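**Q** Spelled out from the first residue to the last, the chains are:
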Amino acid sequence: MSDEADRVRDEFLSESQEIVEALSRDLLLLDHGQKHGHADPDLVNSVFRGVHTLKGIAGMFNYRELSEVANVLEDLLDHVRLGRVTLEQRSLDVLFEGVEVLQRLLGAVRGESHQVDVASFRHAAHDLLGTGSPPTPDALEAYDLDPSLLGVLTEYEEHRLRTNAEQRVPLYRARVRFALSSIDTDLDGLKARLKPVAEIITYLPSVEGSGDDAIELEILLASSTPLAELRLLVGDAPIDVVPLRKGGSQTMPPPPSRPEAGPIVREEAPRPITAPLDLEKRGGEGVEGIALRAVAKTVRVDITKLDHLMNVIGELGIVRSAVGRIVDRLGARAELRQLASELQRIHRSFERHLEALQDGVLDVRMVPLGQTFDRLARAMRQAAREDTKEVRLSVTGGETEVDKLIVEELIDPLLHLIRNAVGHGIERREERVASGKDPVGIIALNAYQKGSNVVIEIEDDGAGIDAERVLARAISRGLVDASSANELDEHAIRQFVFLPGFSTTDVVTELSGRGVGLDVVRTNIARLGGVIDLQSAPGIGTKFTLTLPITLAILSALVMRVGEQTFAIPLTVVQEALFLDPDGVSLIDGREMISLRGTSLPVVRLQELFRTAPSSTARQYVVVTSLGQRRLGLVVDALEGQQDIVTKPLGPSLAGVRGFAGATDLGDQRVVLVLDAPALLDEVLSSEARFLAAPEPARGGYA
Amino acid sequence: MTATHPLPLVGAPAEVALATSPRTAVARAVREDGATQELLAFEVDDAKMALPLGAVKEILKVAPITAVPRAPRAVLGILSVRGHITTIVSLRATLGLAPLDALPRSARILLVDRGVEVVGVLVDAVTEVLRLTPAEIEAADVVGAGLAEHVRGIGRPAGTSDVVVLLDPIALLRPLDATRRGG
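As they're listed, the protein sequences go chains A and B. Under the numbering used here, the first residue of the first sequence carries the number 1, and numbering increases by one thereafter. Under the numbering used here, the first residue of the second sequence carries the number 1, and numbering increases by one thereafter.
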């Protein structure tokens with residue numbers, strides 16, 4: 001496939017993905033609304049429009065199956081919109097299934113999967129469309145409505161009018177005058193004010209009241225709010241609200257013809273408006289115009305372009321430090337001191353702007369976790385249905401922002417944890433009732449920023465993890481020997497669930513806790529420079545805590561020297577650094593260990609591991625790295641300090657070299673390798689499970 | 001008929017850009033039997049060798065190279081070329097020759113496009129750009145068996161007694177792919 005075709009496909013995928021995410025978000029809101037007795041018709045419309053757009057672009061790019069599924073879904077939504085299909089759990093299920101199928105089809109376009117079963121959704125949708133009930137006797141007849149008005153309503157508007165009439169929501173007719181020059185913003189403002197208390201069924205330009213610089217709209221409203229309050233709400237617009245009366249002859253008072261009483265047009269239109277108000281922009285379609293305007297304010301940017309910008313900024317940083325050195329040299333010469341201080345000022349200002357530029361680019365990479373949480377909510381709903389469990393999701397901190405790349409990589413681990421929480425954490429209804437819990441389980445997703453890290457918690461109020469069973473399993477799998485197990489506390493024992501080989505499929509049903517592939521989750525999180533921790537109390541629940549760097553683009557690193565060579569290591573994995581006491585090193589089972597506050601810490605000399613030139617330093621340091629419960633001390637010759645670095649990948653030629661996450665430019669032409677701490681820990685500790693679970697009293701406590 | 005050009009060399013880390021689209025240029029140079037070929041000639045261990053000019057993107061002076069522990073033997077290390085981490089290989093090591101005790105001042109790094117990436121290839125010295133007509137080139141299959149896979153042929157510029165080994169960049173650097181896991 002050519003680059004151009006790739007680019008087009010990527011663009012299609014990213015746009016479609018956004019639509020599908022919005023769809024599932026709206027569906028979840030609808031689901032929530034439906035359960036609480038009020039499904040917002042605007043949401044149905046929003047879903048309908050999203051599916052319509054998706055159908056359009058899928059057709060345009062010739063993804064036939066995608067376009068067909070979108071078409072079926074659109075039909076279904078149209079029926080829901082018009083009240084021919086009732087919005088209830090059954091129809092919602094079909095809608096969710098439809099969105100899921102769309103998601104899978106997008107996956108297929110991406111090449112992630114091959115076979116997508118479309119048939120079952122089609123059948124479900126078909127069945128649903130067949131059950132549509134005919135509209136009930138016309139409640140509208142009770143109202144005295146101008147037939148000419150009914151004639152111009154769209155089918156949807158008429159349906160909304162009818163629904164409101166059936167539900168005995170009072171109907172109103174209002175006339176509002178708008179200045180042509182500001183009608184867009186004024187109308188939006190009015191809509192926003194009315195939205196909480198009333199439903200705008202339609203607005204039509206009225207025939208009489210419109211002039212050259214003003215237009216009068218007739219608005220059909222449904223609202224349970226008293227008339228006086230409604231009038232107050234729409235107060236600052238010249239408006240008149242009249243209830244539509246039942247039966248009686250209903251006459252509209254003449255439009256308020258009072259050009260002298262308060263300027264309707266506050267100022268002259270800055271330029272003549274030649275085009276009349278676009279009549280097609282009324283009702284549901286009008287929103288598309290607004291959506292278009294909103295879209296115009298955002299641009300979609302390929303993340304590699306941002307990487308490129310970061311690269312350039314990195315280069316500028318190198319230029320900056322070179323200029324800094326010149327300033328120093330100039331300052332050393334008395335006759336040039338004046339020049340040096342001027343240059344110094346410019347240099348500082350350059351530095352400030354460069355920092356601002358860097359922050360700006362980093363900021364662009366940030367996306368709120370909310371989108372991810374929406375996807376998780378959908379997955380949770382599905383998992384709960386499959387397992388026939390009742391679970392409620394509580395989300396906080398959806399606005400917390402994380403680097404786009406991290407978000408992408410987070411989805412799989414989080415999905416895994418959510419499915420685990422539903423499958424193995426939350427108990428069945430009967431069990432919950434028997435143990436005096438709320439029959440509906442709760443899974444909480446919390447995110448918040450903590451320094452330069454983001455913390456994500458996945459907490460359930462389920463059965464918890466039984467430490468004794470975990471230990472028994474770990475012993476039977478040979479992950480720990482029974483004698484050393486005595487020294488472990490429960491928290492340390494529970495960390496065994498993260499070990500590769502702890503769980504295999506046969507464990508899943510047997511163990512009341514979790515275990516499926518948690519080692520994979522831990523590895524993925526570690527790859528992002530993050531840490532995962534687990535706390536659990538039997539009978540009360542389980543909490544997974546993920547701590548991640550906010551961005552991968554720039555991270556704080558410890559720069560250290562081994563012999564002649566310099567390395568950097570991300571600070572997220574560095575627990576502490578200390579002097580190496582040569583007498584404190586003991587050899588246990590062929591491995592060097594030191595004692596750190598009463599616990600044994602395996603250490604490895606990087607000079608030996610990397611076979612670099614031997615060093616001559618008398619004093620050495622131990623950099624204590626930790627990933628979850630696994631710790632390893634790296635023996636180095638010198639600590640050069642902390643620095644923000646941009647890690648860049650090594651080329652394909654070096655892809656097979658283990659132990660390095662990439663390299664970074666420290667300025668002054670120095671390229672240093674960035675250590676891949678998770679890989680090093682795996683390499684050194686992998687076959688040595690007995691070192692894995694050194695309990696750590698220093699950190700203490702588990703909730 | 002041979003034309004030689006002196007090559008401008010600029011101080012480190014400045015470089016000389018040679019071709020904008022190396023891949024197509026390589027393809028053209030390889031495919032166009034019967035036409036004149038442009039080659040960049042250089043010295044390694046007193047032998048004269050050449051790569052298609054289109055495959056060489058830039059010529060760099062030698063800058064401090066960061067060694068990569070556990071890398072394949074031919075890899076000298078990495079270098080940042082305008083922000084891109086670039087792997088530098090030694091042509092001597094690639095060809096199984098002994099390394100030099102000290103790098104000569106004439107040593108240069110050629111940025112060579114090997115398809116999957118651009119790598120730096122350290123040579124003892126860059127000599128000239130050669131234009132060879134088909135008559136001046138003996139193709140590898142004509143020369144006969146025994147030639148390594150990365151030798152495309154032998155160049156004998158008319159009017160000189162030079163023998164130039166014409167290298168195939170892709171085949172020459174292919175061993176870099178064979179070093180997955182642990183190297």
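Just so you know, the hints here were simulated from the structure itself, not pulled from any lab data. The reader is advised that the hints may include incorrect statements.
[What the hints assert, rightly or not] Covered stretches of chain A (chain B as the covering partner; in silico rule of three or more C-beta atoms under 8 Å from a C-beta of chain B):
no., stretch
1, 308 to 314
2, 670 to 677
[Unchecked claim] Far from chain B, some chain A residues (derived; all Cβ distances over 12 Å):
no., residue
3, F61
4, A340
5, R385
6, V562
7, E592
8, L609
9, R658
Everything numeric in this text was worked out from a predicted model, so none of it was measured. From the three backbone atoms N, C-alpha and C, an ideal C-beta is built for every residue, glycine too.
**Q** Now, for every hint given, state plainly whether the structure supports it.
**A** Verification of the hints:
{"no.": "1", "hint": "308 to 314", "verdict": "holds (count 3)"}
{"no.": "2", "hint": "670 to 677", "verdict": "holds (count 4)"}
{"no.": "3", "hint": "F61", "verdict": "holds (28 Å)"}
{"no.": "4", "hint": "A340", "verdict": "holds (26 Å)"}
{"no.": "5", "hint": "R385", "verdict": "holds (43 Å)"}
{"no.": "6", "hint": "V562", "verdict": "violated (9 Å)"}
{"no.": "7", "hint": "E592", "verdict": "holds (19 Å)"}
{"no.": "8", "hint": "L609", "verdict": "violated (8 Å)"}
{"no.": "9", "hint": "R658", "verdict": "violated (6 Å)"}
Violated hints, in rising order: 6, 8, 9; the structure is consistent with all others.
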